[in-house]
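Protein chains in written order, with the numbering used here: chain A, 1 to 123; chain B, 1001 to 1579.
Worth double-checking, as some hints may not be accurate.
Unchecked claim - Here are the simulated lysine-lysine pairs, DSS-like style, with alpha carbons at most 27 angstroms apart:
1) B:K1298 <-> B:K1309
2) B:K1334 <-> B:K1389
3) B:K1419 <-> A:K23
4) B:K1332 <-> B:K1309
5) A:K23 <-> B:K1378
6) B:K1378 <-> B:K1436
7) B:K1191 <-> B:K1060
8) B:K1063 <-> B:K1309
9) A:K23 <-> B:K1389
Derived from the structure by calculation, the hints contain no laboratory data.
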Amino acid sequence: MKTALIIEDNEDNMRLITLLLEKSAYLTLQAFTGMQGYEMALRNKPDFIILDIQLPDMEGTEVLRKIRASEIENRIPVIAMTSYAMSGDRERLLAAGCDGYIEKPIDPERVITQIRGVIGDQT
Amino acid sequence: MGKGRHLAGTCRIKVLLIDFFVVLSIVTVFSCLATLPSRAEARNVVVGVYENAPKVFTTKSGKPDGIFIDIIEHIAEIEGWNLRYVSGTWGEGLDRLAKGEIDLMPDMAYSGNRRMHFSFHKVPVLSSWSQVYAPKGSGIHSVVDLNGKRIAVLERSVQQYAFVRLVDSFGMKTTLISVPDYQTMFKVVAKGEADAAITNRFYGLMHAKKAGLEDTSIIFEPSDLFFAATKGDPKHLLDTIDRRLSDQKKDSQSVYYQSLKRWASEEVHFKLPTWLHILGYSLGAVLLMSLLGSILLKQQVTMRTRELKLINREMEQRIAERTLELTTANNKLKELDQLKSMFIASMSHELRTPLNSIIGFTGMTLQGLSGELNDEQKDSLARVYKSAKHLLALITDVIDISKIEAGRVETFPGKVSLKEIVEEAAASVEPQIKEKGLAIELHIRPDVELTTDRKRLLQCLLNFLSNAVKFTESGKISVMSTESDGYVTITVQDTGIGISEKNLPKLFEAFERLESHLRVKAGGTGLGLYLTKKLATDILHGTVSVQSREGEGSAFSLRVPLDREHSHAIPEKEKGAEA
């Protein structure tokens, strides 16, 4: 069973994405700030990360930069999540080192498919 | 002589007065009787007259007149001379004077030869010169022009001798025509019997113009003119003349000067006809009136100008004030407009967050991830889900439009494959196409690459495609592209309901939902095409256009530059003409 780290400050969204992932047989870890997410990523070494890019303490891209800077052996796939996709977000996020990209509102029909596509999980 | 008679009369009156003032009158009567006979006895002076106006001449009434006559009569009046005149030609005058038949000949130029025969006084009456007069346009200007010409001269005059000397000294030949007087001379020239005439300046001044002659610049023989007396001056007239002349010449108001003024100025001799006088006065009056009028008018104009200037200044001031007010108001409006756009943008963002939850959770529940739902629950939740999505679409469009209108849209140009982006847009509407049983065809060349804002281009294409799907019940949707002049045109064609001609112009305006039986069923925000147009023009630097016929389908086209960064050459009219 793969473990996902969800870094998201909005509780509703956190619960929604957690539910969707759990129903799809993933384990989940929850972080509500950027710093917390960064520490958990280092400590728990999740299989992939769902990262909200608008966090209260720091920019999502900053969290991503810190994670990427501290990785030694394994590169953890990171899927960015934005509330409203600003023009250029996609390019900016991919350039910053994201592996995938999902838009809010989360479409329950498609989001798991999108995630699986990014992490290469065929199950 | 008149004066003498007058004095006698006065004496007679005085004699009558004796009756009243006996003692006084005896003395008076004696003195009168004593002086009168002695004067009359002593001076009977005979003066020669010839025709040489204005110096000396005979008036129409037969009376002698002229400058010399004025002077001699004045002297005679003072001296108590009795004057008598004898008229004749100049030559006759000279003869008579030589014989002693007359006492004085006026207007005599002094010369050595004449001194032999006559006596002259010393103070000249007039200074004159001889001058050549010729018909207007004769071409006679200087002495040499006189060579070979016929010249009329006064017989035995000073001019004649002087002129002969002058012509001889130039070695020229002229024919002299002697005439008895100046009148004849001018007539001879006027008839063409002579080419020029020689007169003194006084006569010329007075008569040349009338005779159709003009003065030439040939002037010679300046001379002083005198009264000449019979040789030896037997009546001792010359000293008296000198004395009186000297007195007169000292006084600018004297008879001498009055006479000169009267005779020697040209204008005097032109008598204006009465009608000309009347005309002159009328013209003068008119001129005066118009002058007064113009002064009055000028004053009025000045006043009005001042008023107008004042009004103008006031107007300018008011305009300046108004302009300032308007500018301030305009700036406020601009600020407000930006605030409005900012407000809508940020409010919309806040609205989205709760909507995300609604859509997310209803969607998840509808999926059955939280347990099976019965049909009624499913239907109700589906309605919530659909409305929430509609609301979200509206908010998203409003955010976009506000941002564009506030000029706060950032663009992110990048390389875009035309085929890929069209396929991506088509994929998004595929579920609905399948649901409706429609077909979709893509005719896009695989090698076309654009440099533009990918997301916005996709947004435009999606709008066209979702519209096409919405309003088409059967048939197919085609997407094709053409390129020309650095632009690519992407057309989305459908076999749907089409748009009536009446509705076509309103198509790209905000909230213009067209009347149609499909309207309710189709849904949509009413902002889609308005936003598409804004994106196409403001962000992508392109244009949108539509071709449609009611009941036969529509074709929406998007024309964008292949390279957005180098598309500044888009003609403005093209922007306005389409869309």
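Checked hints:
Taken as a hint, the K1298 (chain B) and K1309 (chain B) pair is honoured in the structure, with Cα atoms around 16 angstroms apart against an allowance of 27 angstroms. With a C-alpha separation of about 33 angstroms, the suggested pair K1334 (chain B) and K1389 (chain B) falls outside the 27 angstroms cut-off, and the hint is violated. Distance check on the hinted pair: K1419 (chain B) and K23 (chain A) sit about 37 angstroms apart at the alpha-carbon level, beyond 27 angstroms; violated. Between K1332 (chain B) and K1309 (chain B) the alpha-carbon distance is near 34 angstroms, which puts this suggested pair outside the 27 angstroms criterion.
Proximity of K23 (chain A) to K1378 (chain B) is assessed by CA-CA distance (about 19 angstroms); at most 27 angstroms being required, the pair is judged to hold. Taking the CA atoms of K1378 (chain B) and K1436 (chain B), the gap is near 22 angstroms; set against the 27 angstroms cutoff, the hint holds. Between the alpha carbons of K1191 (chain B) and K1060 (chain B) the distance comes to roughly 24 angstroms, so the proposed pair stays at or under 27 angstroms and holds. Under the criterion of a C-alpha separation no larger than 27 angstroms, the hint pairing K1063 (chain B) with K1309 (chain B) is inconsistent with the structure, at around 72 angstroms.
As the CA atoms of K23 (chain A) and K1389 (chain B) are separated by approximately 24 angstroms, the hinted pair is consistent with the 27 angstroms bound.
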